Every structure is written in C-alpha cells, then in structure tokens.
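Asks: Protein chains in written order, with this note's numbering: chain S, 1 to 347; chain P, 1 to 347; chain Y, 1 to 347; chain V, 1 to 347.
Keep in mind the hints are simulated off the structure, nothing from the lab. A quick note: this is a predicted structure, and the numbers were derived from the prediction, not measured. Among the hints, erroneous ones may be present.
If chains are identical, the list can't say which one is meant, so a pair holds when it fits in one copy or spans any two.
To be verified - Pairs of lysine-lysine residues, derived as DSS-like cross-links and limited to a Cα-Cα distance of at most 27 Å, are as follows:
1) K250 to K131
2) K131 to K197
3) K304 to K228
4) K250 to K228
5) K304 to K225
6) K304 to K197
7) K304 to K250
Number of protein chains: 4
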Amino acid sequence: MIQVGLIGYGYWGPNLVRNFFEAPDCQVAVVSDLRPDRLARAAARYPSIRTTVNHRELIDDPGVDLVVIATPVSTHFDLAMQALRAGKHVLLEKPLAANSEQGEQLIEEAERRGLTLMVDHTFVYTSAVGKIRELVAAGALGDVYYYDSVRVNLGLFQHDVNVIWDLAVHDLAILDYVVDARPIAVSATGISNVPGKPENIAYVTLFFAENVIAHLHLNWLSPVKIRKTLIGGSQKMIVYDDLEATEKVKVYDKGITVTNNLESFYQMLIGYRTGDMWAPNLPASEALQSEVQHLLHCIEHQQKPTTDGEAGLRVVRVLEAASQSMKERGRPVELTGAKGAAVWSRS
Amino acid sequence: MIQVGLIGYGYWGPNLVRNFFEAPDCQVAVVSDLRPDRLARAAARYPSIRTTVNHRELIDDPGVDLVVIATPVSTHFDLAMQALRAGKHVLLEKPLAANSEQGEQLIEEAERRGLTLMVDHTFVYTSAVGKIRELVAAGALGDVYYYDSVRVNLGLFQHDVNVIWDLAVHDLAILDYVVDARPIAVSATGISNVPGKPENIAYVTLFFAENVIAHLHLNWLSPVKIRKTLIGGSQKMIVYDDLEATEKVKVYDKGITVTNNLESFYQMLIGYRTGDMWAPNLPASEALQSEVQHLLHCIEHQQKPTTDGEAGLRVVRVLEAASQSMKERGRPVELTGAKGAAVWSRS
Amino acid sequence: MIQVGLIGYGYWGPNLVRNFFEAPDCQVAVVSDLRPDRLARAAARYPSIRTTVNHRELIDDPGVDLVVIATPVSTHFDLAMQALRAGKHVLLEKPLAANSEQGEQLIEEAERRGLTLMVDHTFVYTSAVGKIRELVAAGALGDVYYYDSVRVNLGLFQHDVNVIWDLAVHDLAILDYVVDARPIAVSATGISNVPGKPENIAYVTLFFAENVIAHLHLNWLSPVKIRKTLIGGSQKMIVYDDLEATEKVKVYDKGITVTNNLESFYQMLIGYRTGDMWAPNLPASEALQSEVQHLLHCIEHQQKPTTDGEAGLRVVRVLEAASQSMKERGRPVELTGAKGAAVWSRS
Amino acid sequence: MIQVGLIGYGYWGPNLVRNFFEAPDCQVAVVSDLRPDRLARAAARYPSIRTTVNHRELIDDPGVDLVVIATPVSTHFDLAMQALRAGKHVLLEKPLAANSEQGEQLIEEAERRGLTLMVDHTFVYTSAVGKIRELVAAGALGDVYYYDSVRVNLGLFQHDVNVIWDLAVHDLAILDYVVDARPIAVSATGISNVPGKPENIAYVTLFFAENVIAHLHLNWLSPVKIRKTLIGGSQKMIVYDDLEATEKVKVYDKGITVTNNLESFYQMLIGYRTGDMWAPNLPASEALQSEVQHLLHCIEHQQKPTTDGEAGLRVVRVLEAASQSMKERGRPVELTGAKGAAVWSRS
C-alpha cells in the first residue's frame, strides 16, 4: 500500500487527489498547501486525509512513499529535490522544471537513489494519443510528413511563464511520445499584448533530421477554443480533435502519389488519392487514472515510467530553445543533447 | 463599351470570362490560349467570342481596351508589359509578378501611360472581407492584436512556385486590405515532402511596428480543407470561416481586462470578459462580379482600383521575404519599402 | 438550516446529494437506498451523512424537513405520499408520477398540509432555457409558430417506461416553462425494436389552440447524440443546441414577410428576411444548484416553486396522452384539464 | 442521337438543359416556356437551341424523341399525356403527378405505347444514396429499424402544394429506392403559419408491415438548413448528411445486444455496442448527369428506369395519404396498393 503526500491543492491538485484516492493499492495520507482555505476544502471532501500548511511535514513523514507536486513550475526543483533527498518517489506536475539544468539534476538525484521520477504529461495517457502512437508505430501512416497542432482559447494569463511553457508542453509531450525522432532545431515567434507580461501568443516550428516538420500554435487570447492536430503521412493522415465528444481521432486514407513521368526526365507527376475515412472507437477512460496506475505499477516493479524524467527533460529543452528563438523573432535555435539521428519513418 | 481580351483559359480564366460576360458596359472580344482544346471549350460556351492561340492578336487589336491575364505567374511580367506598351489596361491574376522588381516596372509603366493596372485579389471583394474591414476601420475591435489564418487542403501541387506563392497570397491580400499597418519583418518555416519540388507546407509570421503579429499556415497536403482566420482585438475578436455556408464572420465580444492592482505596485490583474457573439448578415454576391464592376468603373473614371499595382507589389514583397526566410529555417527577414510607421489601432 | 433526506442513490441521486451538500442553509442528513453497495459509496464520499436501507428511517425522522426522491417513477407516488403524510416537503425526480391521478393526489395532499411539492425539471433551471423564456416572454420572437426538438442518443433502455416517459419529459418541461399556452391535443407514433420492451423510438406532435405546433423526436437507438431545438417565430427564430459548449442559444433574425399583392386580390406575396444571428452570453452555472437554491428559498418563504406539482402534472398528462396515441398509430388524443385558451403570442 | 425538347425553363429547367447538353448521344433541340424572358436567357446561353412559348411546337415536332417536363406539378399530367400521345418518351420533374389516378393513367399510357416514362427523383442518382442502398442491400446494417430524415430550411413557400409535396418527395424517393419494403400506413401532422396558404411545416410517420418506422420532418420556415438522415439497423447505423462537403455518409458500428438473462426468466439484458465509425469515399459526380445517362440508356435499350412511373406513383400515393392524415391531426391512413408484405430485413 503506497502512501501518497500531495503538495499544492490548487487547480490540478484536486484531480490528482481524486485519482489517487480511487486507485487501488495506494492511500492519500497528507495534503499540504500554503493556503488554509484550500486545505479546508480538501478536508471537507476527504475527511480521512491529513492537511498541513508545511510541506516538510509530509516530506519528513517516514510513512509517505510518493510525493506528488502540483505547484508553480518555479518551485518544482526545490520541492522535488527535497522529496528525492528524503527518499521519496516523485510525480511532478508538467513541465518537469523551470530549466534543463534543474531537470538534469533531478534525474541524476532520482537515479542515484533508485527512486521513480515521473512528470505528469497527462495527454500521453489518453486513449486518443495512445491510438495515434499505435498507428504511427505500426507504420499505418507511412513516413510521417508533419505534425501540426492548434491549442488556443481564452485562457488564464500566467504571470511567471509565457504561453509556450503553459500550453506547448502538452503538444511537445504528445510529440515526444508519438514519434521516435527528436527535434534538432526550433524557430518560434510570438508577442505579448499586455505590457510587462510574458508572451500570450506563440508559434513554434520544430525541425527534425529527416524531412519532417512540427508546428504548434499557442494562444491565450482566442475567442474560441481549439484543440486540433493534423498529422500527415505518406500513406494516411490523422485529424485529432480533442474537443470532439466521441470521434476524437479520424484517419484519412488520403495523400499523394508521386510517379516519374517516363516521357520527361524532369517532370514528376503528382496525383491525388482520396479514400475512406475511419474513426476508431476509443474507450472513455480517464487519462489521469491510467497515469496514476502506471506510476504505482512502475514504483512497485521498479520500472521506468513512460513519461519519466528524461521525457520531461526533452520537453523542457524545447521550451527553452523556443523561448530563446521567440525573443529573436524566429531565429532558429539548434537543440543540443537531442538524439537527432533517429527518423520518423517506420515503413 | 469596354472591349476585353483574355489570355489564359485554364482554371481561373473561365470564371473571369463568365463574369466579364455578365457585367454591363463591357464585351469579351477575344480569348487566347496556347492549347486549342481550351479554346474549343471557350468557343462552344461563348460562340460570340473570337479565339486564338496567339496572344499578340489581342494585344495588337486596336479594339481591345483591357487585357486580362490568367496565366502562370512566370509569364505575368512579359505579357503585362506587352499589353501596357500596347496601351491596354491590365488585370493580372494573383500574384502580380514573379518578383518585386517586375512588379515595380509594371507599376511604373502603367503610371507613365495613365493606364489602369489591377491585380485579381479576389477575396478583397467578398462581402465577408468587406465586413471585416468595415469593423476594423470603425474601431469595433479596438487595437488589433493578431491575425491568424489557416489555409490548407489536399491541393494541387504547383511545379514552379512554393505553397506560399500559391496560397499565402490570398491572406496577404486580405491582410493588406483589412489593416492599415505594413509588416516590417517576416519569419517563415516550411518543408517539401516531394524531393525536388517546392515547399508544400509553410508557416509565415509577419511582424509589425506596433505590437501586432500575423501568422499564416499553408499546406497542400492536409487531409481536410480549412479556411479559418482568427482576428484578435482589445475590444472584440473575429472568427472568419470561409467554408461556412452562411455565418462566415462571427464577432465575439470577448477579451481581457487589464487593471492595476492597487495593493501591489508590481501585480497586474488580468480578468476575462465573455459577452455575446454576433454574426452579421452577409449578402450572397459573387466577389468576382463586384471586382469586375469595380475595375470597369476605375477604368472609366480613371481611378485607382482597391487592389492596384501597389497592393500587388506589397504582397509580392512579403512573398519574396517569406520564401527567403523559409530557406533559412525562420531567420527573420526585414521588409524594406514598407510604411512601417503606421499602426493598426484605430481607437 | 433545512435537513434533507434522500431516497435513491442511483444514477441521479449523487448529483442531488452533491448539490444539496454544497448549498448554503441546508444539510444532507440521511441517504437511503435498498442496495448496500450504493450506500457504501455515499458513506465513503460523505462520511458525515447517515445511510440506511430503510427509507422509513428518514421519513420518520422528525429532524428531516425535506425528502428528495430519486427512485424509479413507479415508486414516486407511494414514497412521496408517505413523506407528505409525515409532514415533509418533497422534491421528486421527473416525472412527477406514473399517471395523472397519482399526480393530482400528491398535489392535493401537499396543498392540504401546506407543504412544498416540487418536481425536478432540471432543464428549466439552465441559463439557456432561462434565456429562451426571457426572449419569448419579451416578445422578441413575435408570434411563436413552432417548437421542434430532437433528443436522441444510444441511451439506456428502460424496462418499465417507454422512451417518451424517459426523454420527452425534458422537452415537455421546457415547453411548459417557455410558453404560456397549453396543448389541446397530441398525436404520437413510435415502435419498439426489442420484442416485449417499451417503445424505444417515438415522435410526438402537440397541437395548441392557436396556430402553433410542437414536435418531439425521441430515440434510445441513435448512433449520434443530438439535443437540438428549433423555435420559430414571426419575428425571430431560435436554435438551441444543448451540446454546444458555449453558444447554446442562437437567435436568428430570419423569417418571412407576408404582403398582399395589390394587383391581384388572390395572390399573396411571401418574401424572405435574412438578417444577423446573435448568440447571447450564458453564465456557466450548474442548473441543479440553481434549482436546489430555488427550492430552499420556496420552502423558507412558503412560495410555489417554478416547477411545482401542477407543472409536473401537466407534463404527466401529455405523457399519458402521447403513450395512448402511440398505441393507435398517431390517432390524435385530446388533452383535458388543459387551459387551452391561452395563446403563445405576446406581441 | 436522341433529340430532347424541354418544357419549363424556370428553377430546375436550366440544370436539366445543361446536363442533357453535356451528355453524349443526345441533343437539346427545343426549349419552351410561357415567359419570354426565360427563353431569352436560354437562347443567350445556348444559341444552338430553338425556343418557343408554345409547348405544342416541340410535342408536334417529329424530330423530338424525349420531352422533359419541368413545370408546376398541376400541369404534369396534361403535358405528359400530350407528349406520350405524340409518341415521345417523357421525363417528369418530381413529383410524377398531382394525384395517384393521374399517375396510374400516365403509366398505363406509356406502357401501352412502349414509351419510357421516368420521374426525376434526383437524389436516387447521388453517390451517397447509391452507397446507402448498397450497404442496406448487402445486409451491412442487419435488420433496418428506422429511417429518420430532417429536411428543413428557409425555403420558397409554394402557393399550390404543401411542404410535404415539395420536400417529402425527396425522402420518399430515397426510401423507396433504399429499402424493399413498402409502407402500409401513414400518420402526418403539420400546420400553416400563413393564413390561406398550404401547410409549411409537417411531420410524416410511415409504418411498415415489419417492425420498421420512417419519419420525415419538413419545414419551409427553419432558421437553418438541415438535410440529415439517420438510419438505424440491428448491426450498424448510418448518418447521411447531405450538407457535408465530403463525408456525407457515416457508418457507425453501434447498436444494442439483447441477451436473455439466465438467472431470470423475465429479465432481458440490453447491452450497448460502440465500435468504429467509417465514412466511405464517395465519387464527386453530379447526380443529374448520372440520371440523364441512365435515362438515355434506358430509352435506347428499352429498359425500365430505376425511377420509373411506378416508383413515382408509389411516392405520390404516400403524399396523398400524408396530406389526408395531416388534415385530421395525425389520424393514421392506410396505404392501399402497397406490396406491404415485403420486409426490410436482409440478414
């Protein structure tokens, strides 16, 4: 029976507590938050849980096995390091850390101590993204050509991070999971419409070693909510719309056929292919529940979680590079530490 | 009665002929095309029209007042220059020319001879874009924050131009018409998925002197057709979806309110504003008919058309800069010759 | 502080408990259900609540002021009557009762004892339906012409009631609230696709004294979920789509203009009017919370709730008549006891 | 080379002329209309076609083989009878005739003379309806349970026929083509919102011998245009949306599974089945062109067209019965002359 302590009962914390509460083989022992009114809410909802304004209480508690951190990203490193040093497994709200150096240190600390470090890349655990990965891995799309995502709405302006750190993290986590290749360079543009605030609208292009491109559109100031991803391949293409109630993933048997014109050495003929569309049935499970159970399983069996520290670090590296490029109006920034030789194609 | 000669009866030519045919105060006299089967089609449809494989016949015809050119962009400069030198008014299919030098020379030649030079930026003459301009000009949006357009489908691969030259031209023409400001720099990214072919997917960011950004997503290889533009302002926001049958323009009374927190000098409070949505009724007129009548009116009254050579040239300048930036993975390219001091705000 | 006891912790019961739990000025004291596993779930979630398999415990409890009944409709009459006779206020899940005689007796009993009897017509308390009523009442639609609703999905087959009793009750409650007129006759058709089971697809037409018609399409066996209502008026028309995330209510300035042709006595000219569309902003409140607070307010101030026993009875009368008509392939059945003289027009 | 004469160059006539004009193996010789301005329009568009205000000219013309009639339904019988008696093949705009007696006489006359009589049920020749028929015929849906269609918009008010005669004819033609069974009774309701005019909103239920129901919703006074049909079967279900640009037909692997509960003799268990969705690729051909070629083929090879006089008559019989039922508020009207014994199931 794994004992869980959670730090940060704000927006996402209650979801985490609820899912650990409902998971078998674990128990939520303590919740800490600096705000007493948040703790009162947790106590009313879960009388069995102990609450405290001092997070050290749960870090120092020898009964606690796993510390779940759902606080602002600027506090991730410090809190996670305290927990790891106290011998706790750690689940961190996304993104892993405020910069890649911090991410590297957390990974190193967890490895040295043989502890599980996981980042909460929730979308990776949805049935929609799972199905997309399955299709890409099976080669159903042929060679992947592009990944294009729009993630916009009238969203909460963050005070400490720009819109890339807030929203792109989802797409980067999906991208990291769905394809094997790693980006080698990034170009990003964006602006802030509120003087003195971080950028609230951003566009990020990722370049890969192979002939593949990914692009993310992120906006806190859109009149409508859009969560739509196009994935183009040589054989098939996918439209993934997270706002669709049921048909979230649609697979199109569409594309082009390239043939060499025999009569002319120079002329290439490009024809169109338009076939059926297919929307696979997706189980209506809650992603966070799958994620929690995966984490508990990994802790118990000492396995690497799908979204381990390394996955979190790869995402943070792109966030850093994109923010840098955005300051320079799109000047491309190379990504180091990336295993860029890998290719997307699986044919 | 203005006599019209058309060069190029391919994809768009028939639409032009039909609209000049139906317009009052003008007559389509000659159609030329290098392909006899295209001419046969024109003759069968319009027995009153003369056809020829030699475009010089209509340029040398003293009875022809206006030459309409609907041929590949690489031929625009040569054909238009011939027509202008023969004293004809000229309507050029978009884009105006294959580069800005050619565009400048065409403008100069037309001005010297007192002839009308117009580029066929069709979207400018739609009731939807007209309504958007009206709203922006009236200050209904407040300060314009961003313009974001997606124009993708499984489209015809062009052999001689990249997807920016094919598709972005529409958005740049709309942008040029709707707002007063001119872009000062551009960053673009994109790739080609067919070796040896021009880029078939591209992303273009435009920077303006004021705190405004524009972004275009262009793709010939999308499984679904999308024609959607978001325009964000400080007071209101617009969603313009050209594929909607009736409600193409939706105006959202949404946004943010920024107030200074009195208690804290450093903290700014950003609140959300969510109000009604409104879709203005748009007349179901054909844009090309409005455009044709506008051109005939301009010729008769010696007025500058809305989409004159200068408008066409501004678009070509951005196309050039974007193509350049795309080759360098988004490195920003400054736009010269732009009246960048202008601002979008009209409050 | 009103003390609440709930009978029936099945599908809807937990929602009721949660909303009474969160409402000020009341306390959920007891929950009863025949199934111990349901009670265990309630106890785990709300340790402060007492649970029992014997509903008499809460009816006999002098501390309980309000009994909330969320059990199958066949048990409504008996349970509600027990509660009323014990001097409790009663909130009944929809529909009020299994037949109109039972409904009449419950109303009579509640009135004799001065107790509040309310039926849980939840949609009446949504901001969307509230806005529609407001518009109709203000005469914005002009004369109401028709009300057309589609409420279909792959829904739970009921064993004891047909699809009309399960789904039409929502539309009838909305209709009863939105318009003043009462139906004078009903024609219904439908079939059962599972031998021995109640009808799973049904169509119900309501006739009113004035030139108004209402129609409901109800189906448990639809591949897609639809919740769409059209309301046509002489001045404006409404599309109410409950599945839209934000723009649930759209008001169209569309219609016809009827003019007499002066030249011909016999000929009437009907022209079309197509104007703007407008989607009013709707607060994102939970209907059940509004309903609970309304009930508590009515109990405290001894006022009639909006959805009192009479409203529930009017709905039951139509359900009875429709079921009767459906057995006879649409033969119209007159509604007695209806105040049919009222008209929809408010101009 | 079949020579064609057309009577009635109003709304639909130009589409017919265009399609006969483009079809091989036939020639449009004459067009007649009572309105000279309509004839002028035809002459301008097709200088090769002879025009006349006197339809007898084309009926008496021995060179004309086929008379196409696109006039108001009240004139169908008289014009078609004249044409048949003059030995011409006849294509009649839908519906076939103003009543079933007229339809019977036309069929008889055509058969006696060995002439082809066809009714223009255009939707039958669309690739979408063809695909649906193919799926139903192959048993892909299992037993058909229901057919539900909504066909509404702000449409042209007809002066001489009600909305059923104008719009339901499309659905009845599709239904007649897609399924083998014939309706045995009909119940219809509807009202007129313009005093003295035919009903502008109507609901029609068709009953079949087997456990099947069909329902049509028809409305000239809807704020939005809807063309949506649900077809439910025991194995699969179809959503056919004619307004979708590409995915007009969606096939859902959804339904219920009925099993007998072993523990209880009386209780039947109904489970849900939710599988994939599939949208077959549909060729983008024009239905009218397919129809015209089918007609020309039938004339040449003396074959019965798919939409022959009998198909037209079956539709007219339902229109008559529905109009009768509508006058009596839904009282069911039995259909005679129907081969009601047939069943939908093809398993």
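Asks: Decide, hint by hint, whether the structure agrees.
Replies: Hints and how they fare:
1. Proximity of K250 and K131 under a CA criterion of 27 Å is satisfied in both settings, with 11 Å inside one chain copy and 20 Å between copies.
2. Proximity of K131 and K197 under a CA criterion of 27 Å is satisfied in neither setting, with 38 Å inside one chain copy and 32 Å between copies.
3. Proximity of K304 to K228 under the C-alpha cut-off of 27 Å is found in neither arrangement, the shortest distances being 30 Å within a copy and 42 Å between copies.
4. Taking CA atoms no more than 27 Å apart as the test, K250 paired with K228 passes in both settings, with 11 Å inside one copy and 20 Å between copies.
5. Taking the closest pair of Cα atoms, K304 and K225 never come within 27 Å of each other, the shortest separation being 35 Å inside a single copy and 41 Å across copies.
6. With identical chains, the CA atoms of K304 and K197 are never at most 27 Å apart, being 38 Å at best within one copy and 43 Å at best between copies.
7. For the homomeric pair K304 and K250, neither the shortest alpha-carbon distance inside one copy (31 Å) nor that between copies (41 Å) is at most 27 Å.
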